[in-house]
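Chains as they are written, first to last, in this note's numbering: chain A, 1 to 229; chain B, 230 to 855.
Calculated directly from the structure, the hints in this document are not laboratory data. Certain hints may be false.
FRET-style restraints, in silico, Cβ to Cβ [to be verified]:
| # | chain 1 | residue 1 | chain 2 | residue 2 | range |
| --- | --- | --- | --- | --- | --- |
| 1 | B | Ala-470 | A | Val-191 | 54 to 60 Å |
| 2 | A | Val-217 | B | His-772 | 58 to 64 Å |
| 3 | B | Ser-253 | A | Gly-192 | 33 to 39 Å |
| 4 | B | Asn-821 | A | Val-213 | 32 to 38 Å |
| 5 | B | Phe-365 | A | Gln-75 | 45 to 51 Å |
| 6 | A | Lys-77 | B | Asn-821 | 52 to 58 Å |
| 7 | A | Val-217 | B | Ile-357 | 37 to 43 Å |
| 8 | B | Phe-365 | A | Cys-61 | 33 to 39 Å |
So the derived list for chain A, only partly shown, Cβ under 8 Å to chain B, looks like this [to be verified]:
| # | residue |
| --- | --- |
| 9 | Ala-70 |
| 10 | Tyr-71 |
| 11 | Ala-120 |
| 12 | Gly-135 |
| 13 | Ser-138 |
| 14 | Gln-140 |
| 15 | Ala-141 |
Pulled a few chain A residues facing chain B out of the computed Cβ check, cut under 8 Å [what the hints assert, rightly or not]:
| # | residue |
| --- | --- |
| 16 | Phe-63 |
| 17 | Ser-78 |
| 18 | Thr-165 |
In this text the structure is predicted, and so the values were computed from the model without any measurement. Glycine is no exception: its CB is placed at the ideal position from the N, C-alpha and C atoms.
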Amino acid sequence: MAEHHGTGGHALQGPARGPGAAQALAVGHPQGAGHHAHSEVGVTGIDNRKLGMWLFLASECMFFGAFIVAYIAYQGKSLSGPTPEELLNIPLTSLSTFVLLMSSLAMVLAVQAAQQDRQADARKWLLATALLGLGFLSFQAYEYTHFIHAGLTLSVNLFGTTFYTLTGLHGLHVTIGVGWLLALFLRSLKVGLGRAQALSLELAGLYWHFVDVVWIVIFTLVYLMSVLG
Amino acid sequence: MAVLEQPRQVGLLRRPTSLTGFWSWVTTVDHKRIGILYFWTAFFFLLVGGIEALVMRLQLAHPDLELVTGDRFNELVTMHGTTMIFLAVMPLSSAFFNYMLPLLIGARDVAFPRLNALSYWLYLFGGILLNVSWLFGGAPNAGWFGYAPLTSSVYNLGRGIDFWIQGLQLLGVSSLISAINFIVTIFNMRAPGMSLMRMPVFVWNQLATSFLLLFSLPAVTVALIMLMFDRYFGANFFNAAKGGDAILWQHLFWVFGHPEVYIIILPAMGIVSEVLPTFSRKPLFGYSAVVFSTALIAFLAFGVWSHHMFTVGQGPVVNTVFALTTMTIAIPTGVKIFNWLATLWGGSIRFTTALLYSLGFLSMFTIGGLSGVMHSAAASNLQQHDTYFVVAHFHYVLIGGALFGLFAGIYYWFPKMFGRMLDERLGKWGFWVMLIGFNVTFFPFHFLGLLGMPRRIYTYPAELGLARWNLVSTIGAFILSVGILIFLVNVWKSLRYGEKAGPDPWDGRTLEWSIPSPPPVYNFRRIPYVHTRDPHWARKYPHLAQAEEPPPAATAADSEAEHGIHLPSPSYMPILLALAITVGAFGGVFRNVPLVALGVVGTIVSVYLWSVEGEGGIVVEPEGDA
Chain A
1 MAEHHGTGGH ALQGPARGPG AAQALAVGHP QGAGHHAHSE VGVTGIDNRK
51 LGMWLFLASE CMFFGAFIVA YIAYQGKSLS GPTPEELLNI PLTSLSTFVL
101 LMSSLAMVLA VQAAQQDRQA DARKWLLATA LLGLGFLSFQ AYEYTHFIHA
151 GLTLSVNLFG TTFYTLTGLH GLHVTIGVGW LLALFLRSLK VGLGRAQALS
201 LELAGLYWHF VDVVWIVIFT LVYLMSVLG
Chain B
230 MAVLEQPRQV GLLRRPTSLT GFWSWVTTVD HKRIGILYFW TAFFFLLVGG
280 IEALVMRLQL AHPDLELVTG DRFNELVTMH GTTMIFLAVM PLSSAFFNYM
330 LPLLIGARDV AFPRLNALSY WLYLFGGILL NVSWLFGGAP NAGWFGYAPL
380 TSSVYNLGRG IDFWIQGLQL LGVSSLISAI NFIVTIFNMR APGMSLMRMP
430 VFVWNQLATS FLLLFSLPAV TVALIMLMFD RYFGANFFNA AKGGDAILWQ
480 HLFWVFGHPE VYIIILPAMG IVSEVLPTFS RKPLFGYSAV VFSTALIAFL
530 AFGVWSHHMF TVGQGPVVNT VFALTTMTIA IPTGVKIFNW LATLWGGSIR
580 FTTALLYSLG FLSMFTIGGL SGVMHSAAAS NLQQHDTYFV VAHFHYVLIG
630 GALFGLFAGI YYWFPKMFGR MLDERLGKWG FWVMLIGFNV TFFPFHFLGL
680 LGMPRRIYTY PAELGLARWN LVSTIGAFIL SVGILIFLVN VWKSLRYGEK
730 AGPDPWDGRT LEWSIPSPPP VYNFRRIPYV HTRDPHWARK YPHLAQAEEP
780 PPAATAADSE AEHGIHLPSP SYMPILLALA ITVGAFGGVF RNVPLVALGV
830 VGTIVSVYLW SVEGEGGIVV EPEGDA
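Construct all of the structure, not just a fragment, from the sequences and the given hints.
Shown next, in the form of structure tokens:
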């Protein structure tokens, strides 16, 4: 968003005057006036698809924000147990958080390798990202199984309701992300994963990092702060 | 027009190629055709919502009538509101957004043509899903804002609410995709030279509307997911027995619901900002003030939602804060109204039907705005809350404001979209009948509200003294309907016998009037260079407008016109993906796991095929000379 604000700000300064400004706009034109609708750098200097992805993620902030607000609003309001303090396992979840953060590192390395046209590396790191994502999901599956055995269901109390929906929808996002990464991997076996595919990979990367950042918020709010009181 | 190149076939499905006939409409990605599809579909749902309103007005025409039962009346109230907002007024705005945006900014299409088609199909299927609820055991019946716990599975046993949840989710996805598409288009695809501050004000309003959608829709999506979890899986979000709080629903719904009000009104404001200058033969007065007011309205829209909840008991501090933010919104709105009046001032005014509707908008919206300011005073709101006074207020804003603005847009842009003029004589008749019918219907609501008539009641005893104004209102509703009928006759007549429009029937100011009516599939033979606001006017009357800079000698688009113009190919994928999602939603309503699974698998497969298929592209040769 920062990038586009920069360019938008330029245009906001009013009618472009002088040859420099006119030329800048004219340079943007062949792509900006856009006959091809994709893989195009527009007036802002940002590819259409990337700008679209940023906007989608902005909207997703509101989506997770609303669930997080609901979690906060209902914190400590459960009429019966089990409580977060009884169940949440900080060391184990720290480990799964670490796995998810490492997946973001792998994602960065994959995008960098693709941009530098190192196809084998890009594929390797892409697969690593997806596997680390699957690792995180396995932790979550284990955690859910354990919690359900301990009596925490969706309907038992407000903690169950808010905990499962918030972390579950995050898990759904990770699942979709893993599916996306695996699809990119399969596709790369046919069309390669170099400079030409770097943007497609980067878009998945933006999504992936976003989902990671959301987890940092959830981990802090749901896990760490419940222990700290 | 000759097609020079077709795409190579990729994936399982043959890429559709026909440019005419039924399948060309099903597979179209052309923003103009999608706009026309939105237009007719929205108008159809406007009539459906109107018929629901007429049934309610008949039921209320006289005390103690039993034309429909109380239960049926609840369904009518809910479906009338939901239909008018989500299926009629928003999509009618979307019709103009789709059709006009690329023409106004000098582009060949929107940023994501296939996503644009997906938006339309999701809208159509969402509308169908909501309305087939009538056939499957009852329509939604908890009001358009579906307050908890009226919607809970304890108090609401039928499938109506499930239809409402799934239908609104489909419509939400549709609107979210549109919003992203339009913002990217506006930021990235303007013609060279068209800086943000040279954009037509309609486009500014579209940008603001899209941002409102982008940030407000998630709130209602989340609320609906919570409600779904409560109803389907026994979650406790709104279950007081387990400590859940019904007020959470109200907050989430109105965090969406109030921006929604501006989502509905801003497009109409944009249309009026184009119509008034054209028929006053003057530039819009205070362009920057109008633009910044629009942005300010959009920004403040997120800080006023709790004024829908003044009677909930939020305490004096919260009520005061939200009363003040709400009153603040009247300031940028007032700025816009005075700018529109100043645009008319001293202009050579032509009283066309489009201008009449714009003036109708100005006066009726001002009445609705003033009663809105009355509501914003929390103390007096306690008296008005949930009475017909509120119903009067939002119908003045939604019909007198939004719908009159949209009718101005129809009369203004119909010649561009369909190539034929609407009859001005019939148009003026239609306008006056609508204006009178509207006021006879809704002005009495103010009195009824002050007399204490509550919203949503299906009948009332004669002793309450509400009969007279209710009868007047019902008569007004039929007058309003006659006005709509006159409009329909006008459309039918125009499409059959209408005078050919020509490229520029109104002596217009913006780029859409520089190309034929209807425009060719590629819109502009040469992408124009924009060196001022109102570029078409400046080209026609250079002595009246000062161009701010000379155009550059040659641009890449010039050579494009010689070598053929590249356009996105039609595609089956948007309708297939929308169908798959709808199958899943339908399965959700009936809690049918195989159907949901089919929907999910269909969605995954469609998304994969969509991405493998790619944008494609055909190259067409423009006809005639530029």
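- Task: Of all the hints given earlier, name the ones this structure violates by number, lowest first.
- Result: 5, 6, 10, 11, 12, 13, 14, 15
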